[in-house]
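Student: Sequence:
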Amino acid sequence: RAFQSLVLPSLVKNVIQPNAIHNCDYFVHYYNLTEETAGRSGGGGRINPDEILLFKQAVQDVSPQSIVEFHYDTEEAFWDRYQPLINRIRTTNATDGHYLYFPWRAKTYKHPITTDNIIKMWHSIQSAWNLMMEHETLTSQPYTRVAMLRSDVVYMTPINVFQISRRKVLDNEKAALVPAFGRHPVSDRIIVGPRDAVKVWATERFDRLETHVTFVQEHNPGWGMHSEKFLNWTIFPAIRETGTSIVEDDYLCFFRARADETVWIKDCEGKARRDRSAFDSEESWRQQEARFGVRTWTEVPRRSAAPHSLVCGGALSDADATI
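Residue 280 is where the sequence shown starts when you use the working numbering, and the numbers rise one by one after that.
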């Protein structure tokens, strides 16, 4: 997904540098894919999965003490693990004759590819979290704040794991940050917050799926496992049960990048300003558009492939944060 050319420079400026003061540790999951097919989300193109490994040197150039670990899955390994679940999601009908899991009321969802890729996304997120937990077990030092980020987006504004809406998190304050864009009715793209709150976001979707689709069928049939509604109706309430408030940050902005080096410049829904450049300040917005080869659409499409997941976590010790 144009990692080296577009994503990595923005990670350096808007993730790695702002969190260097915290000695942020990073745990990355990715899929070993070499091709993105053309579709609603872009023109497709070749992918070099090894580009993600450049992230380690980029981190250590800025924050030499930070830990960077990777884990990947092949397409075959993913399907070996999830084929039974995906078959059930693809084929199970409710009593009204409509699909139970597939959100048939969501016009941008395509059967079966959208729900297939939601499962890929969930697995990637959970795998990155598990990699972080393995490190916690080895060091006996749990992180206190964690950011679950994407490695297929161009970050246009800084993300500091210990800030909420550009202010420092107060002592004993339990608040999680999510984007204020891509709301359908909430955003499912990233989260930054206390460890126990982010754990719900990262690890409890599979466990809560059956209860969720039963609830939806009873109260709002047709929405099934719709990604953002899953968060709004099931995951966000569970996060709030940890005593954590959820803050939508209307300054945060990032654009999804595609293998053909286009970016979704409408992702921030007009919130991005010229001073939000992820690159050199003298580079004008229009020059960035030319550089990106930007294409724009009036509606946000469903993802065509699962993003890599990037975890940054922190403990109140020598390593204060992790991504």
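Since the hints were derived computationally from the structure, they do not count as laboratory data. Heads up, the beta-carbon is just placed ideally off N, CA and C, and yes, glycines get one too. Treat the hints with care, as some may be off.
The following label-pair restraints were derived from C-beta to C-beta distances [unchecked claim]:
no.: 1; residue 1: Gln420; residue 2: Thr490; range: 42 to 48 Å
no.: 2; residue 1: Glu314; residue 2: His498; range: 28 to 34 Å
no.: 3; residue 1: Arg367; residue 2: Pro288; range: 40 to 46 Å
Calculated pairs, BS3-like style, for lysine-lysine (alpha carbon to alpha carbon, straight line, at most 30 Å) [claimed, not checked]:
no.: 4; residue 1: Lys478; residue 2: Lys447
no.: 5; residue 1: Lys478; residue 2: Lys453
no.: 6; residue 1: Lys292; residue 2: Lys335
no.: 7; residue 1: Lys545; residue 2: Lys447
no.: 8; residue 1: Lys545; residue 2: Lys389
no.: 9; residue 1: Lys545; residue 2: Lys386
no.: 10; residue 1: Lys478; residue 2: Lys335
no.: 11; residue 1: Lys447; residue 2: Lys292
no.: 12; residue 1: Lys545; residue 2: Lys292
no.: 13; residue 1: Lys335; residue 2: Lys447
no.: 14; residue 1: Lys292; residue 2: Lys478
no.: 15; residue 1: Lys453; residue 2: Lys292
Student: All hints, please: hold or fail.
Tutor: Going down the list of hints, with the structure as the test:
Distance hint check for Gln420 and Thr490: the Cβ-Cβ separation is about 33 Å, which falls outside the suggested range of 42 to 48 Å. The supplied range of 28 to 34 Å is broken by Glu314 and His498, whose beta-carbon atoms lie about 40 Å from each other. Judged by the Cβ atoms, the range 40 to 46 Å given for Arg367 and Pro288 holds: they are separated by roughly 41 Å. As the CA atoms of Lys478 and Lys447 are separated by approximately 22 Å, the hinted pair is consistent with the 30 Å bound.
A C-alpha spacing of about 14 Å is found between Lys478 and Lys453, which places the hinted pair at or below 30 Å, so the restraint holds. Taken as a hint, the Lys292 and Lys335 pair is honoured in the structure, with Cα atoms around 15 Å apart against an allowance of 30 Å. Taking the CA atoms of Lys545 and Lys447, the gap is about 29 Å. The hint holds against a cut of 30 Å. Pair hint Lys545 plus Lys389 holds up; C-alpha atoms about 21 Å apart against a cutoff of 30 Å.
The suggested pairing of Lys545 with Lys386 holds, with an alpha-carbon distance near 19 Å, which does not exceed 30 Å. Taking the CA atoms of Lys478 and Lys335, the gap is about 24 Å. The hint holds against a cut of 30 Å. Distance check on the hinted pair: Lys447 and Lys292 sit about 19 Å apart at the alpha-carbon level, within 30 Å; holds. A hinted pair counts as satisfied when its Cα atoms are at most 30 Å apart, and Lys545 with Lys292 qualifies at roughly 21 Å.
For the hint pairing Lys335 with Lys447, the CA-to-CA distance comes to about 27 Å; that is within 30 Å, so the pair holds. Taking the CA atoms of Lys292 and Lys478, the gap is about 26 Å. The hint holds against a cut of 30 Å. For the suggested pair Lys453 and Lys292, the alpha carbons sit about 27 Å apart, so the restraint of at most 30 Å is met.
Checked against the numbered hints given earlier, this structure breaks hints 1 and 2; the rest are met.
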